[in-house]
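**Q** Oh and the sequence shown: position 80 is 80 in the numbering used here, straight run, nothing missing.
Each hint should be verified, as a subset may be incorrect.
[Stated by the list, open to error] Once the Cα atoms are required to be at most 20 angstroms apart in a straight line, the calculated SDA-like pairs of lysine to any residue come out as:
#, residue 1, residue 2
1, K244, K451
2, K465, K75
3, K327, L354
4, K14, P173
5, K61, L195
6, K465, G111
7, K75, P173
8, K327, G440
9, K27, T328
10, K388, N476
11, K217, K244
12, K293, P173
13, K388, L195
[Said to hold, decoys possible] Quick list of simulated restraints, FRET-style, between CB atoms:
#, residue 1, residue 2, range
14, D262, K194, 48 to 58 angstroms
15, Q133, E300, 54 to 64 angstroms
16, F242, A9, 24 to 34 angstroms
17, S391, E300, 20 to 30 angstroms
18, E71, E300, 15 to 25 angstroms
19, S391, L265, 18 to 28 angstroms
20, A30, D260, 13 to 23 angstroms
21, S401, P355, 36 to 46 angstroms
22, S401, P482, 49 to 59 angstroms
23, E292, I121, 48 to 58 angstroms
24, E338, E442, 32 to 42 angstroms
Just so you know, the hints here were simulated from the structure itself, not pulled from any lab data. In this text, all values refer to a predicted model and were calculated from it rather than measured experimentally. We put the beta carbon where it would ideally sit given N, CA and C, even for glycine.
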Amino acid sequence: MKQGVFDGAWKDGKGVTQSAISPVTNKVIASVSCGDTAQLQTAIDNARAAQEEFRLMPAPKRGEVVRQIRERLAKHSHALGSLVSLEVGKIYAEGVGEIQEYIDICDFATGLSRAINGSVIPSERPGHFMMEQYHPLGLVGVISAFNFPAAVAGWNVALAMITGNATLWKPAPTTPLTAVAITKIIHKVLDENKLSGALHSLVCGGADVGEYMARSKQVDLMSFTGSTEVGRTVGTIVQNRFGKLLLELGGNNAIIVNDDADIELAIRACLFAAVGTAGQRCTTTRRLFLHEKIHDQFVERLVKAYGQVKIGDPLKDGILCGPLHTKTAVAQYEKAIEAVKAQGGKILVGGKVLPGEGNFVEPTITSVPAGAAVAQHEVFVPILHVSKITSLEEGIKYNNSVSQGLSSSLFTSNVSNVFKWTGPAGSDCGIVNVNIPTNGAEIGGAFGGEKETGGGRESGSDSWKQYCRRQTCTINFSGSLPLAQGIKFE
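Between the sequences and the hints, there should be enough to build the whole structure, so can you do that?
**A** Spelled out as structure tokens, the structure:
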């Protein structure tokens, strides 16, 4: 039994026991003792106490700590990547790639620690100096999802640390092992730098732990990655206490292939976008809109490409599609296939659950009308709904018609289409790509989406500002007291 509570020291959890179950065999890999709400409160108290000293450390010094975390993760990247593959079910290359994403955001944050800047603002009053600056919030709570058990936490931890915050992590109930392993690595780095381990606390647990964290006024920023349904609940709880929110929720993502697209490039992109991680990325392509002029040939070639995808144990060479994460996901896959058939859609390839002890299904392509009800809601499985369109404008309309707005992509060789797609009348998503898949985002750009995707932004660009409180400061050194807007109060 692994200890699933770390508040500066490793402790046996007093809550439920969580088991990481192999999606390949449905057998228990290992179990973790989870914390209860009392242990969570202790972790909150310890983290906040540790942050009071940490916030006074110069940002470049904090960046040096993050750099050391980066080096330690790189040293163990293959072992950690294998653990991600074992626990989640994604193929080995994607598991190692996820750890690389954590490494990359540490690189980004390390450099950023020397570039966190405010601004100087001209004052209208003589002898006055006005500036904006950013200070740490305090404690950042992180609830991560099963499909990226390392990277999403990394986006938050690296930026939270260089901005002077402590973090408290509750991983997904089905992926506690990756969280425990990474926390052990970070604890060692903090200890070597004579910093409290409570700066990166961990409490594995269930919904009660997550709800307590969301309700706690001592958690200054609540970062939640998961479904829109749960995110709506978390958002409501945090907003009711006027806490800060960072939501990364669902994405019913689409690719549009116009009639002037590079077909070979688009086929390769669609294959990875729809099949990668067995369709279990928030940025997975779930809807594909094909211009009527290229529709038939594209579908024929994409179906053929699907036939080359090897399904199996994600740790074996040559496998491109591993299992779904849980038996529940398999049931959702079956339900979605039946919905396609009930609504008059066609299964072009796939559509079956594979026999055996694991959670393996066939990556599936369907043919449905562009506005089909079955395509309006995200299902976290490898099902790609293909529809015919007559113009780019029609494709944009259908791209924007769903309630989520995470990622989108257009394949075209026409520069006018590019600017139409990326302009104010184009895609309404937070990520708007051209000639690349909807998934596989780099860490340099802000990651997140609009509408029911939650509106949060993590990772690159100026996402670091979400981990800070913004301060406008006006300093009077004139010796007199002129008021703004020329007001006289004498």
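**Q** Hint numbers the structure violates, sorted upward?
**A** 2, 7, 8, 10, 12, 13, 18 and 20
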